[in-house]
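Going down the list, the sequences are from chains A and B.
The working numbering puts the first residue of the first sequence at 1, with every later residue one more than the last.
The working numbering puts the first residue of the second sequence at 1, with every later residue one more than the last.
Please keep in mind that the hints were generated in silico from the structure rather than gathered at the bench.
Hints are not guaranteed to be accurate.
Stated by the list, open to error - Distance condition first, Cα-Cα at most 25 Å in a straight line; then the derived BS3-like pairs of lysine-lysine:
1. B:LYS165 with A:LYS294
2. B:LYS171 with A:LYS294
3. B:LYS171 with B:LYS14
4. B:LYS192 with A:LYS294
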Amino acid sequence: MSLTSDPPIDTTTPATTADGADDHAALKVVPVRHPWRWAAIVATVVLLAQFAHGFITNSGWEWGVFAEYFTADVVLKAVWVTLQLTFYGTALGFALGIVLAFMRLSASRFLQAVAFGYIWAFRSIPLIVQLLFWFNLAYLYKELKFGIPFGPGFFSFDTMGLVGAMSAAVLGLALHQAAYAAEIVRGGVLAVDSGQLEAAAALGIPRLRQIRRIVLPQAMRSILPNAANEVISLFKGTSIVSVMAIGELFYQVQVIYGRNGRVVPLLMVATVWYVLLTSALSVLQHYVERHFSKGTTR
Amino acid sequence: MSDADAGRTMVDIKAVHKSFGTLEVLRGIDLEVRTGEVTVVLGPSGSGKSTLLRTINHLEKVDSGWISVDGSLVGYRRDNRATARRASGKGGGGGRAGKLYELSEREVLKQRTQIGFVFQNFNLFPHLTVLENIAEAPVSALKRPRKDALDRARRLLDRVGLADKAGAYPKQLSGGQQQRVAIARALALEPKLLLFDEPTSALDPELVGEVLDVIKDLALQGTTMIVVTHEIGFAREVADTVVFMDEGRIVEQGAPGDVLDAPRHDRTKAFLSKVL
């Protein structure tokens, strides 16, 4: 059902005067011309053609080498590692982010302050510095113990074994992501009309249900575009963990061109993979957003 | 509702004060509403009408005084031991020896299921269909089986004349239709008391009538209601009691014929001369 309707077109209106001077319906409409628009189009087409020509004819791109490595096992494995880093970084990051967002929205000054402090700290530290910290965690803490706070521990882990390169990377990405996710979720919750919570409260709907059924589905509308930005930026940001010698896409490509010297085609391998998967994420975003736009008019 | 209930006190408001910062919005309100009666609250903007209504279901906490609905305090529980001591004949000190315990959020929510509230801006849930809007609270707050709740929601929609809109989303309805859905949503909890906060103020003039008709219909069936409104004609026709508020106080109250046609206070006269 549409909420707007076109104004009725009245085709029966007769000419206002008999002499035909005001009878616009009988006249031919001449559209306005845009000569400069055509000039701009021609110039742009020429530039695009030059670019495409160079792309195809310049042997420096070495498309043969590109084709050889694009689906090579070692590259596919690296793509898989990149996807895993993105997935765990996003999942853990947003899980912690939601907790932090509701801490900042809570009535307790203490919880607000802790969440604010966390977000302040992790937005201030460059991701690469933080990653190297986690990678070197074993220097600070030899083992992790689970037990009574400040008391005896029940079981413990060797930090060296626990925080391997991969888990250090996931930890770093997730903790970094959580700070941004928290603000995005908080923004989304704040964007929901306060009357919605009031109505839910007046109806006696239980607190958790208010959040899950009333607030979050509406907040998702403003959370999603920003969250998709974050996921995509994290996806590309995983290339940063190449400093920790993890075999993700960018690191692997560097290793290969370090061996064979074919820098350009191998950078293109990485580029095309990043573009393809980012496009897939954008398509996914479209469908998820459509799901959460039920009942809205725009 | 049985006739035996009629005339019993449903809402009892005693010496209620409420401030927002330095602004005192309610300055000592006393009001009693009997079961089956319709009370219409009139008054200029900022007179505290809406705030008073919102204190009755604890959307606003009172600073002092107390409110009870159908015999139970709103938002608080009285210390039983103090009551027992007083009942044993010891106390001349009233409730002073006892304590009032603030109810937990869960208990407050449970209390609210007995008090329906209709907002000026409807506040329907835009991402749920009309039917889901009505069935949500019975399912999640009263733990009714989903199927029963949906059946009942359909009957309520029929009652407010919107049986064909069950699958529509709120944005697809006119303001008047949305407010009728909001009334059906409040009725779905089978509340003892219905509160209306300017239910027609956000509506186009030609849609006011359809909403007032639904409210009138409820009044005829003996629903206990408090209605904050600017519709004097509605007050005259439906109200058992009209209350006029100004600057956080009840200036006068009584039968509509008395308050609307022969107001005793100058403030009431001045207000009515402007709106009539």
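Which hint numbers does the structure go against, in order from smallest to largest? 3 and 4
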